[in-house]
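There are 2 protein chains.
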Amino acid sequence: MLYSFLGMSADINPKPEQNNENKSEAPSNGVEKPQEKKLSPELTTSEPKKGKLSGDNYVRIRRPYRDIFKTIAPGRFVATAKSNVPQNALGRSYQNIKRFFVGRPLFSHEEPSQRLNKVRALAIFGSDAISSSAYATEASLVVLMAAGNGALHISFFTAIAIAALLSMVAFSYRQTVYAYPHGGGSYNVSRQNLGKLPGLIAAAALLIDYVMTVAVSIAAGTQAIISAGITSGYGNQITAISNSFPPFFNIGVVLSIFFIGLITLGNLRGVRESGTIFAIPTYLFIFGFVAMLGIGLFKSVTGTLHPVVTPAQLATAQPITLWLVLRAFSAGAVAMSGTEAISNGVPVFKKPESKNAATTLTIMATLLGVFFVGISYLSTHMGLVPGKETIISQVAVAVFGNTVFYYIFQIATMGILVIAANTAFADFPRLSSVLAKDKYLPHNFLHRGDRLAFSNGIIFLGSLSALILIIFKGNVDSLIHLYAVGVFLAFSMSDTGMVVHWWRTRGKNWKTSIVINGVDAVLTTSILIIVVITKFAVGAWIIVILIPIVVMIFQFVHWHYENVGKQLKVDPAHLPPMTINQFVLVPIEDINLASLRAIAFARTISKDVVLIHISNDQEETEKLQKKMDAYSPDMKLVVLESPLRVLVRPLTKYINALHSQHPDAFVTIVLPEFIAAHAWERFLHNRTAEQLVRVFKKHPNVAVVLVPYLLEK
Amino acid sequence: MLYSFLGMSADINPKPEQNNENKSEAPSNGVEKPQEKKLSPELTTSEPKKGKLSGDNYVRIRRPYRDIFKTIAPGRFVATAKSNVPQNALGRSYQNIKRFFVGRPLFSHEEPSQRLNKVRALAIFGSDAISSSAYATEASLVVLMAAGNGALHISFFTAIAIAALLSMVAFSYRQTVYAYPHGGGSYNVSRQNLGKLPGLIAAAALLIDYVMTVAVSIAAGTQAIISAGITSGYGNQITAISNSFPPFFNIGVVLSIFFIGLITLGNLRGVRESGTIFAIPTYLFIFGFVAMLGIGLFKSVTGTLHPVVTPAQLATAQPITLWLVLRAFSAGAVAMSGTEAISNGVPVFKKPESKNAATTLTIMATLLGVFFVGISYLSTHMGLVPGKETIISQVAVAVFGNTVFYYIFQIATMGILVIAANTAFADFPRLSSVLAKDKYLPHNFLHRGDRLAFSNGIIFLGSLSALILIIFKGNVDSLIHLYAVGVFLAFSMSDTGMVVHWWRTRGKNWKTSIVINGVDAVLTTSILIIVVITKFAVGAWIIVILIPIVVMIFQFVHWHYENVGKQLKVDPAHLPPMTINQFVLVPIEDINLASLRAIAFARTISKDVVLIHISNDQEETEKLQKKMDAYSPDMKLVVLESPLRVLVRPLTKYINALHSQHPDAFVTIVLPEFIAAHAWERFLHNRTAEQLVRVFKKHPNVAVVLVPYLLEK
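Those protein sequences? They're chains B and S, same order as listed. Residues 1 to 713 (my numbering) make up the first sequence, in order. Residues 1001 to 1713 (my numbering) make up the second sequence, in order.
No lab work stands behind these hints, which were simulated from the structure alone. Predicted model only: the values in this text are computed from it and were never measured. Treat each hint with caution, since some may be false.
[Said to hold, decoys possible] Below, a list of computed lysine-lysine pairs in the BS3-like style, where the Cα atoms sit at most 25 Å apart:
1. B:Lys569 with S:Lys1626
2. S:Lys1566 with S:Lys1437
3. B:Lys566 with S:Lys1626
4. B:Lys627 with S:Lys1437
5. S:Lys1627 with B:Lys439
6. S:Lys1627 with S:Lys1607
Full structure from sequences and hints, please.
Quick look at the structure:
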């Protein structure tokens, strides 16, 4: 429908043929619309000329709006990048700063080009898993230390057991990747096969796990740097610097927060760039680790591999028991975190997605298994004992010597660990978005930001993990106890879900598949139980409490949205009234151009306008009445005398009284509002309008309309 | 005009005879109003019964509104005290706390009973002048000290000169009090007789002077307490406590701020109570001072008056020059501050106002003159030297001995000094209110608060003087240099104004009057010049700079209000349009009950409604279009595709584009707004509405209407 622009001067130009032509598109259902006073919502190219319409004002857009909106059909516009330019200079400066760090906004159609190839995908999704080889051995050794130096060799065997388990889990996840090409995270698999609650439990476990991944990886990464510092002889200085920080902060925490900030920024830039930035240290670490294992094995075979610093002699505090071995196993099991990352990210892979994802998964698991067993062997061989310097640093310095290669390797370790957190930054926001789509998390997590990344989830994860690092003072040993519960809970839920999936679908080779996932389900569930029991007292209890809390939050958010959705649902049999029944109240202090404008607005929108004057001066009221008789004789004036000289409260009470008498009436308060040229000029005007807005903010049947009046100069 | 309540169900009951009866009161000027759908702004006593109207719904008010509003005529209501009860519990608690300290709100009609009799008026308006006898002698002596002990006796002669001047000024002001029974402050007298600018200069001088009065009096009052502490032997402890405070604070400043808070509160309670509270120490001081002078004179005659601590022997740094004497005179002249107070407050006196005020003025001036000369005599007689202990304390301890009478007198001194500030608290807000009425200060200073006191002026003065005390670290000697310039400027302006007044009016005895005021004008102007010159370097320059700045602020505020007034003035020859030409835009995300309510609102207020949908999903847009066809087929939908996934900016750009095409059209944006039961639930909903409100806050042709939708539970 094309409405011609015709001002108040009533130059009428009905253009009947064009109106008819357009009526088909937005069918008029008999609601009468007078043609005069119609305003066109279309954007035309011509200057608005009263009483004279340009021929085809649909297709052309008037400059400069041609640059901002493209008209694709009548009433259909596409906003260009220029539409995103802020109105004021401050906003533009902020946008420029943001653009410098985060990059230009990306259009939705730019998305497909952001897919990942295997090399980049390994860096994105693999860094978490592979990097855990940097701290998992040490986690085992810390447990075994309690039984003296003689117990340390057990870590080699727990490493082999974990590597075996890893291959089973990886094999199992390969099946998931094929079965769920649109993203087969534990949440999806559990929800579809086991039901809503198991799905939410898996989701809670994963989200907590992602936060822990960031915290642990970053803390371990800074640990690698500090170890290099100790090796180069700056141990005392590091301690001194650390002590100079205020409580809750030490050099590790400060560095960690800096790295988290860096990763957050990188992720806000979007998916592919993350891959490019982060691929370098990942591959540096992989090649470095391979070199270290190769040289180390060669040296150990030739008998030339010796620790640089003689390992400490430990007191044998307790005997080697099954409990101790199980605890060492649980501690080492953190190596497996991140294995599920790829299954969540299948849709981001280049086509064929599932095949590429499965191949990447196999490569990742192989590297992790080899690295973990290898480092455990070398450390056991030398009888290394964890201390201020990390185990991996002790091995590296023994292999490379105090050479540049050692330092490169430490930096690469730091690099991959800091970047391992990136897996979580890829997954947490994606899972949050899925949960938001299913209405288990706020809408804010649903949408992609400027750079097609889920900005809110990224910022949320960054903040949360920084907070946890501060609370735990960046201590890897404390953090690691909270880890692994979520990992194995997710494995267990996913495998169980896959068993149900195969049973239900019974596709090709379903029997083989069900056996693989079934065995894996039993394994991972058993290990989950072991992990919970052995780590419960030292920190896992926090997670055991946290998961139900997070699930309850999901449920609450869901209940809220469902409840709102139900309340808002339109029932075609009981359509709400087409119009509302309203009082329009115009509180006036005096009759002037601003209040006349408000009155004109009120007169335009309703025939039931009541002017209300709060008075504490009889004379002024009389004057006002006279002015009204002269300028707005059609309006009814209600005078509310307020001998306590208050204004807002009697007015609210009056409106309440009106509501109580007319329960189904809506009250629209129309007020003039001065738009002052300078902020400080606002102090010179009464704040009545702002007060009324605040008072009626939560009133279900009152709207406050501020009719602006521009003060010049 | 009585509009019957008739809901959407269209039960019509026109009641023609009643309509006619009431039409006389708000004349209908031919604007047609259909009777159906009319809502009555009147408050009735009966339950709203659709289609059935109660007989006379004017005179009765429905419970509980009968308690809140009294109907005095159709459309005329008076709000009772109950109308001032806050809506929520928090507000009520705050009101109860305020009421405890400040008292119950007073109705405007309670004002006349707040007039002052002479005894109370002397306490209110006299405390400033009388109390200056507590520090004026010392101010002279501090100057004379530079010429050694031998110069100190000069203070007695300067005191006599000042007392003579005081009697002249008082005599002159008595004439003003009779000539200006409605308040003859320097501002009023100067403005009416000399012109706007002289009036504003006098007003600036007075306002600054009031602030200084508060600061100096309070600082001197705490000095009295500290002197008593020194006499009782706690000097070292006081110094120790003072040093323990953070920078900018010492025991004096902290005590001073406490006293300022107390006075502020007392004044917020309102005029009469201030009189009652403050009369006690004023009269205690007056009687104590009379006793001290009597006993002191007797002792000095009998030769038994000796200082308790032998006065310090001063080095004779400079000779006694005219310059030194003039400086001593200027310093002592601070005694005269507060003399003009009564002339401002004439309307607050009981009838006959002028006579009572003049009598009070005479009593006040007599007391001040006698006290000042007396204390100067006694101090000169003993050769006292100012030090850590005040002169008045030294005299008092010499007269009373270290007895309870000395301490009572010190407390009374502190009392009257702290209360002297009260004069300023009575005058500053009153003068501010007059200036606000004349549009030289913001409206906020115009109105009386809950307790019929000018609350804003009181709070402003309290804050400002506390700030000055902090800046000057509560040091009386530093503060006093800023004083007296304002005092004599006000005297000079007032007297000059009175000369012009007598010349113009030429009433009875005008020749005598003109001589009195003329002589006084010459005197006070001369002394003003002396004060400015002698005190310029030590602080008066601040006031000399400040007065023009304050005058410029007055002028600016005035210019702003005048400018706004001019802009808002209705020109009967060019009345603004009766209605406005508007687009109503309803941005919608989805069709649900909330958006249908917003659409219904929009449909009610305009025929030019455009729904606008910001889309980044083609499918959703199609779904929306279908829902619209079903539920709102009469509405036009504009779709704005936003491939950058931003919402608010393209919408603002679109509105700008519309404005550019239709420059005289107003745009009303109608949005649904969820009213959530709990604050935290708001996080679960998009903040688009709030963003739009913020963006269009300053737009002169856009109003944003948030149509509330109550979410249950």
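Any of the earlier hints contradicted here, and which numbers? Going through the list in order, the structure violates no hint and respects every one.
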